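Visitor: Each chain, letter by letter, is given below.
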Amino acid sequence: MKILDVIVSFLASALAGTGVGGGGLLVIYLTLARGLGQLAAQGINLSFFISGATAAVPVHIKKRNIDFLAVIFIGAFGIVGAFIGLTLAKSISPSLLRKFFGIFLILCGLKSLKNV
Amino acid sequence: MNEKAIRRSAQRKRCLLFSLAGVLSGVVNGLLGTGGGILTVFFLSKIYALEKIYSTKDVFAITLCSSLIMSAASLVFYLSEGFFDLSQGAPYMLAAIFGGAFGAFLLDRLNSKTMKVIFALLVVWAGISMVIKL
Numbered sequence: 013m014k015i016l017d018v019i020v021s022f023l024a025s026a027l028a029g030t031g032v033g034g035g036g037l038l039v040i041y042l043t044l045a046r047g048l049g050q051l052a053a054q055g056i057n058l059s060f061f062i063s064g065a066t067a068a069v070p071v072h073i074k075k076r077n078i079d080f081l082a083v084i085f086i087g088a089f090g091i092v093g094a095f096i097g098l099t100l101a102k103s104i105s106p107s108l109l110r111k112f113f114g115i116f117l118i119l120c121g122l123k124s125l126k127n128v
Numbered sequence: 309m310n311e312k313a314i315r316r317s318a319q320r321k322r323c324l325l326f327s328l329a330g331v332l333s334g335v336v337n338g339l340l341g342t343g344g345g346i347l348t349v350f351f352l353s354k355i356y357a358l359e360k361i362y363s364t365k366d367v368f369a370i371t372l373c374s375s376l377i378m379s380a381a382s383l384v385f386y387l388s389e390g391f392f393d394l395s396q397g398a399p400y401m402l403a404a405i406f407g408g409a410f411g412a413f414l415l416d417r418l419n420s421k422t423m424k425v426i427f428a429l430l431v432v433w434a435g436i437s438m439v440i441k442l
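Residue numbers (this note's numbering), protein chains in the order written: chain A, 13 to 128; chain B, 309 to 442.
This is chain A alone, in the form it adopts within the complex:
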């Protein structure tokens, strides 16, 4: 474990802890700087996100106005969606879809920046 690993993990999880998400920063770091495979990097990113989010959630529950109905419905149906997505990923190549979604995100992000 290098010192850089600790710094990257801390910064990415701080970003994730605010709720804006880590943007897959750790996945990029693990694949490019540490030479890990995509799936292993995504798995580590998942476990990393879970521990960071678990530490952040009690603070949010105490300080923020949480709509628990939204959390339960989005979370539960999200699990259903994730399994549909994973099944789809096995049968179709997600690379083209990733590009389309990427363009969609860029447009949404630019629109949000304009509105701020």
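Some hints could be false.
What the hints assert, rightly or not - A few chain B residues that don't get close to chain A, going by computed Cβ distances all over 10 Å: (1) 313; (2) 316; (3) 321; (4) 354; (5) 358.
What the hints assert, rightly or not - According to the in silico footprint, chain B covers these stretches of chain A (three or more CB under 8 Å from chain B): (6) 17-27; (7) 91-105; (8) 115-123.
Because the hints were derived from the structure by calculation, they are not lab data.
Treat the numbers as computed from the prediction; the structure is a model and nothing was measured.
For each residue, glycine too, the CB sits at the ideal point set by N, CA and C.
Using the hints provided, position chain B relative to the given structure of chain A.
Guide: Using the frame of chain A, we list chain B on its own:
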């Protein structure tokens, strides 16, 4: 229709929208491995647009809580498929505990406008990395 019935109908509609947001965010997460949380933020902002009960910061916090449930299910899948070993992730998980708690406190200190700018930049960044597949 009395007030109670109207309220119940609105609640039902809202639950339906939450469910739809959950499924779509989950599909994107499962298919692309990332981007689900961004979608949840967009959906929640639209669903809460008419009410002033939930602030931008609340939306981020609600997204984080629901993402945690989704990600825990994905983690079970990744581990059962043997994509990685949990011991590989342990050091990163340890650093993330401190980072996550720090991030939650940070949300309180930053103003909503700054949060929106950070989020928008992160969305653009995620989009670019998806297009050129970093």
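Visitor: So, for every hint listed, does it hold in this structure?
Guide: Now for the hints, and whether the structure bears them out:
| no. | hint | verdict |
| --- | --- | --- |
| 1 | 313 | 18 Å, holds |
| 2 | 316 | 13 Å, holds |
| 3 | 321 | 12 Å, holds |
| 4 | 354 | 12 Å, holds |
| 5 | 358 | 14 Å, holds |
| 6 | 17-27 | holds (count 9) |
| 7 | 91-105 | holds (count 11) |
| 8 | 115-123 | holds (count 8) |
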